[in-house]
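Q: Here is how the chains run, residue by residue.
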Amino acid sequence: MSVPQEKAAAPAPQLSSPSLTPRGESHARNWRGIGWGFVVKLLLMAVVNAFGIMAAISAVRAESWLVLSVSILLLVAANVVYFTKRALPLKYLLPGLIFLLLFQVFIFVYTAYIAFTNYGSGHIGSQEQAVNAALIQGERRVDGSPTFPLTIIERGGEYGFAIVDDGDVFAGDADEPLSEVDDAVIGAAGNATEVPGWNVVPRAELLTDQALQKTVQSLRVPVSDDPNDGSIRTREGTTGAVYESTLVWDEDAQTITDTTSGTVYSANDRGSFVADDGTALTTGWYVNVGFDNFVRLFTEPRLVQPLLMVAGWTFAFAILSVVLSFGVGLLFALIFNDPRVRGRKWLRTLFILPYAFPAFMSALLFRGMFNAEFGVINDLFFFGAEINWLGDPWLARLAVLWVNLWLSYPYWFLVCTGALQALPADTLEAASLDGAGRFRQFRSIVLPLLLVSTAPLLISSFAFSFNNFTIIYMFNNGGPAIPGAPYALGSTDILISAIYDIAGISGGAADYGLASALSIIIFIIVGAISALAFRQTRKLEEYQ
Amino acid sequence: MRKLGIGVVAIASTAVLLAGCAGGGSTEEADETTDGSGAVLTVWTDENREPAIEAAAAAFEEETGAKIELVQKNFEDIRADFIAQVPTGEGPDITIGAHDWLGALVAAGVVDTVDLGDKADSFEQVAIDAMTYEGQLYALPYSLETIALIQNTDLVGEEAPATWDDMVAAAQAAGAERPIVINTAGQTGDAYTMYGFQTSFGAPVFLQDDTGSYTTEVGMGGAPGEAFATWLGANGANGTGIISTTIDYDTNNELFASGQAAYTVQGPWAIEALTADGVNVTVNPIPSAGGETAAPFVGVQGFYLSSQSENALLAQEFLTNYLATPEAQKALYEADPRIPAWSELAEEVSSDPIIGGFVASSQNGVPMPSIPEMGSVWDLWNAAQVQIIGGADPVSTWNQMVADVEAAIG
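Protein chains in written order, with the numbering used here: chain A, 1 to 544; chain B, 1 to 410.
FYI, nobody ran anything at the bench for these hints, they're computed from the structure. In this text the structure is predicted, and so the values were computed from the model without any measurement. Yeah, the Cβ is synthetic: ideal placement off N, Cα and C, and Gly gets one too. Don't take every hint at face value.
What the hints assert, rightly or not - Label-pair ranges, simulated between beta-carbon atoms:
{"hint": "1", "chain 1": "A", "residue 1": "ARG344", "chain 2": "B", "residue 2": "GLN72", "range": "44 to 52 Å"}
{"hint": "2", "chain 1": "A", "residue 1": "LEU320", "chain 2": "B", "residue 2": "GLU334", "range": "53 to 61 Å"}
{"hint": "3", "chain 1": "A", "residue 1": "LEU43", "chain 2": "B", "residue 2": "ASN48", "range": "42 to 50 Å"}
{"hint": "4", "chain 1": "A", "residue 1": "PHE464", "chain 2": "B", "residue 2": "GLU50", "range": "34 to 42 Å"}
{"hint": "5", "chain 1": "A", "residue 1": "MET361", "chain 2": "B", "residue 2": "ASN48", "range": "21 to 29 Å"}
Stated by the list, open to error - For the chain A half of the interface with chain B, some residues (derived, Cβ under 8 Å), not all of them:
{"hint": "6", "residue": "THR117"}
{"hint": "7", "residue": "SER121"}
{"hint": "8", "residue": "GLN129"}
{"hint": "9", "residue": "THR147"}
{"hint": "10", "residue": "THR215"}
Extracted from the complex, chain B is given alone in its bound form (with noise of 0.2 Å):
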């Protein structure tokens, strides 16, 4: 008898606590697929785009009836969370993220293609560019980012330099600490950052195919590689001392903002920073180091669509007519600045000097290549440029880089 009276209040209380989490679940929602409130959209975004994407998904909610669920996460953690995540099923339907993931994730099978249709005109070009591997567009672009010569208009006025000579005799005569402070990420290195000088000598990370498209045949052996090895050993260590390992991102935005230093090179992520002592800054494109144009690497950010996604066709609608507008670009411009892909955006917020400098930079630019092989560039290089800063032979180290990097890439 009292046995049964446990297990009784054991059921029962049991089915109560149940009847309470079924009540707040899913299941019943999931039955009402015909009015066309059931359906939930799944973005991950990070903090800084979450209000400007929350926006345009408020237009999208009202008409379609659908919901858009947005899950923040840090950038840096996207790529590998999307990858591992989309083929178990639990992944996003849409997800942000920058161009140069995009070899990865399409080895990995996570994305889909867009078709933007007409749409596809009123980006940028490097930004579709970008966004197309192997002749297939995979996401939406929304912004471009760049570095670009920051200069100390209280030091050297608004001229840019043609040079590297030419600039670092420009802040030798105004009397500048340092003439430029070049971020190296300390002892890690940076070749993002020196790339420019680099093509500046005609040695490309990876050749570029007729198209455009990016191969896998290393650029930056032979004389040309060999010239930039060169040139950042003589402004090394054991040179003029120019460009030095001590200097990591804080350290170079400090130097310039105390007015240290009359040169540096930065992205416009770093303005605020740069010019938080109250120093003057114009914006102009990086000077040539071996006297050809110097291209940094442009970068460009956007919107992938998962290949697993439950949604596709919602998915795609939320893309193509409710982020590829005026307003939305605008909103997402609003919300973070960087450079817009959508070209009548770009023409608008040029008119700010800042940004007009970092769009006429861009414009020298390249598109960072999005292969899946650049993942094992970086490492070898940033290392290689930090011991030739350092004091190792130019030549030789550049070389064993350039053998390494094409036996990791096979």
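Just chain A, same shape as in the assembly (with noise of 0.2 Å):
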């Protein structure tokens, strides 16, 4: 602390004061210690580090070592960041960078992993997870066998049951199958309290130790030394009852066995157990398939027909709706940038509206709006004709391209305007000069100059109406359905809305491996097409 008091001029205490920082000279380069700007970064970086360090414990208790090692680096690199005085660069980088990471990066990882599994309806978990649920639907309660009250005992570090049966306590443990024990003590609910030879494990113990309550979960104990007379299970630790198990697990020949009929089920590289005569187990897990995924989109005449036919709708969805709302707007934009128009300002006003208002919301009540009988569209436009506009595929069409006309012509109506309110004036002057007409001087220098701003928004906003699933979804849901299509498609279904009712997330068989190769197929074309048309812009600044 003394140092920087002895460069300063002689009466000012007061570090952060700017009158002590000679002019011109930035204070990154002469620093003079602890100000308060140090003292938030401190506190800012204490809480970073301790929701780091708190990341950092969960994965280690969730054993998820991908996310430990991602968290422990990002956190070193964010104190090195922040705590040395080089990668200036870097310490605005940083917050939007391991942003980009997490949500961005991640995401689309994820996602190009999944395309590479069979992740879907019944392969969700792990092979263990699959032995597991495929042992639990074998096991069946024996016919008629009675509830014993029962009770969990311990004797050596072996858990075993100990059950009431008229009066008589039988005692057995996994190895050891149920035998009378003579003197033990039945309490007032019915269960043993007192097994000589055992210890009785106390309840609050069961209820709060969960590595126990695996345990006796698990724990079968026979009920005598034929295993044909089935084991005595408990599901909560007070009753038990007798359970015959039909699946026998093999972990070394990877095979479950079906007791009662021989059947044998292996696990297949596809990640379910089959058996030779092509039966499966219900339970399957996910595993790699590699480029299957991606093979069925093209090669499978049930996905590839509806696809080809979505993807051509989805093409004239996307651009129909740039080229019209553009159209629109700009149109607007040329009216009301007039000075000859009255009230300009409110009119504008009025014409951006459309775009204030939540587009789910604008959706859903042009589908009110719509209804052949009851919509306000009929009765007013067409003196209460019965036009079933969401039922015909061609109207259903045209009008989902007109609530997305609706929904984004004030986006470049009020683009429009700024680019034509920064257009030179005196080169339009010139031109009229020459004796170009307004239709010239529109053709060869208003539009050319407004593209050149406006073409990088072109293809962005092309890019959004080929996913635009929020519209499609909440206007009509893709209707109405194409007859005879597979999958339930609809004449106004385009690519992400497809996806939604081919990988069944919103019900039924659930494909999530398909749904993501084919994302990341659109992905590719969008980015392809956008790539594409960028290169194209280039040209257009030539006029600049």
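Put the two chains together into one complex, using the hints given.
A: Spelled out as structure tokens, the structure:
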């Protein structure tokens, strides 16, 4: 602390006072010790570190090593960047980079990963969980087995059950079948409270020790030496019944055997247990399937045909949406940019209103307005004729385009108004002196100059329309259905809403792997078109 | 010297913050495993059922010392979230759910079986059947729901029409603007509401085997299905126009509530909307359109156990000894009045004529199939009905749909 004071001028104990810094010199080059900024930074970094360490601790608990290493890496990076004097640009970039990594790169990588698996209905968990589920499904209570009062007992670290049957107490563990115990005490609830040779496990301990619960849950005490008599299991620790298991898991051979029919189900590389006759157990697990999902997209006739149909409409929808809304927006912008129009400010505000209303609400409202019988559009504009807007494929497409036009032209109206007002007035004046008419001026000067600034926006608008799930889903959910189309696709479904249907995310047989593969294809299409279009727009800049 | 100072301050303040976090964190609680208060059961519920489960949880918490943590979710989201989260270990111990999710839950391997022992006899048989999959019981049922014919008593009296034609005739005699309104969810289609009429032609969606379990064999094809399709077309846009694709749920309820329609087919959840404007209603079983008994779908709701639960014993205890009790079932009914699955309670509440009407309708009904294949049926089935109502050729559209469904379920 003494160093800066020696350097500073005599009456200046206030360290952060700007008057101490010589003019024109950056504080970064002449740092004067700890100011308020540093304290704030320290506090912020303390919070960041606290959250980072918290994340690391929960990652350790969840045994998720990838999350652990990423969070430690990010934490170290953050500390290094903010506590060194170097790396100045990184101090500004790091937060953005981290968010980009977490919310964009991670999601993309994860989607790509899922696209190469068969993750979906029947293939959700790991193989261990699938085996576990199969064993659960294969174990049945023996018909007519009574429910016995039951006590959990322990002997030398081994747990067992003591049941009461007709006033007699029987005890045993996994290795030793039930046998009668003399001199046991039965409590008021009907359960054994003291079992000679065993320790009774207190109920409080049972209910709160998760490891013990697991042990008890999976404990099977044979009824007799004959395994076909079944074994006792308990569900909640106070009663037991006789169960028989029909499925046996052999981990070395990777097979599950049905003991009643003798059928052997072997694990295959598609994540299922399949018998020789082709029947499979209900529950499978997810595995890497390589390029299968992509191959299916291009070769399975049930998929190819509807996807081509939908892709055609998607391009039409995206292109028409952009062209129409840009055209209408530009037209209004030209009209209301003319000084001869009175009350321009008010009118402009009115025309922007549709933009201020939430898009999904508008879509829902329009759905009601297009109703053939009760809709306001038929009532007001078509003299109450029952035009079935949402039931006819072409009318429905028209209606979707109309709704999208309504929602997006104000955006172009705003953008074009701004761009028009920035046009060089002298160029236009020169053109008009040279005798160019209004149309000629527009074609040769206004439009090219306008496109220079709006072309990148047009491209991003195309990409947005291409994936505009909200409007399709909210307005008419892709309907009307195409007669005989598989997957219940509709005439106005675009690729992204078709993914939603095909993937079965809304219910039914979900296939997340296929859906991920398809969304990667869409990403590639949109990316390629955008890249090509941006390259083209560079030519426009020659006008400037 | 200066640098060291900064480092010390940085470390110290981080440590202080961390200590603050740790004080309120769960690390200490985890150690208290012996006095019975550390265990926490997570239960997913929806908004309506939350207060009722809270009541059952209070007794459980008092007696066992364990805690019930209720997580409120949208009912529609629970199925997908449960399937996605249970395998990762993030799911709940118990969730509320509908019985027709069962096939998907079993295929995903996320549910554990439930043993109700002798208590199973206290529940309505259809509820236990609905929660049973391949011979195993997977959930504790607590409520039934079904749709029924609701009629405007001011227009057509309380008498239940026996057939569709009787019903239309009665409505026309009463001078109703529309004889009946049926929700088709607009252009989406609503085969659920239409199912009673479909079964009256003898065309069930899937065939049932001897034990009542659904097979994957589609039952909608052939002459009975074609007869139903023809009937649907005859009452659609090209016929009488009684069934229209311009009716969605809200329009349906509004037309009935304003007295324009004499009859509607709806569930108990719509009663409030239907009687909002003071219309007097009676609830009756759905009339037959094709000659056989009209059997609507019966849905059952209940509580599922996670197969990956860390507290499996505790969760079973809560289900069988605290939720399967008359008091808990009654509390659930009062919080969210649906037809109870607990037999005694169902009898008790049947004295209410509206509930009694739905109970009568449910006795004609069949459980909605819970096999995973059912998920592939809805969209195609709904769409075909809308097309036929809208004027498409009934028989060929219907047969195309049956073929598509058969292809979709493989």
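Q: Determine for every hint whether it applies to the structure shown.
A: Status of each hint after checking the structure:
1. A:ARG344 <-> B:GLN72: 44 to 52 Å: holds, 51 Å
2. A:LEU320 <-> B:GLU334: 53 to 61 Å: holds, 55 Å
3. A:LEU43 <-> B:ASN48: 42 to 50 Å: This hint holds: roughly 44 Å between Cβ atoms.
4. A:PHE464 <-> B:GLU50: 34 to 42 Å: About 39 Å separates the Cβ atoms of PHE464 (chain A) and GLU50 (chain B), which means 34 to 42 Å holds.
5. A:MET361 <-> B:ASN48: 21 to 29 Å: holds, 25 Å
6. THR117: Interface hint status for THR117 (chain A): violated (13 Å vs cutoff 8 Å).
7. SER121: holds, 6 Å
8. GLN129: Because about 6 Å separates GLN129 (chain A) from the closest Cβ in chain B, which is inside the 8 Å limit, the hint holds.
9. THR147: holds, 5 Å
10. THR215: violated, 10 Å
In summary, the structure is inconsistent with hints 6, 10 from the numbered list given earlier, while agreeing with the others.
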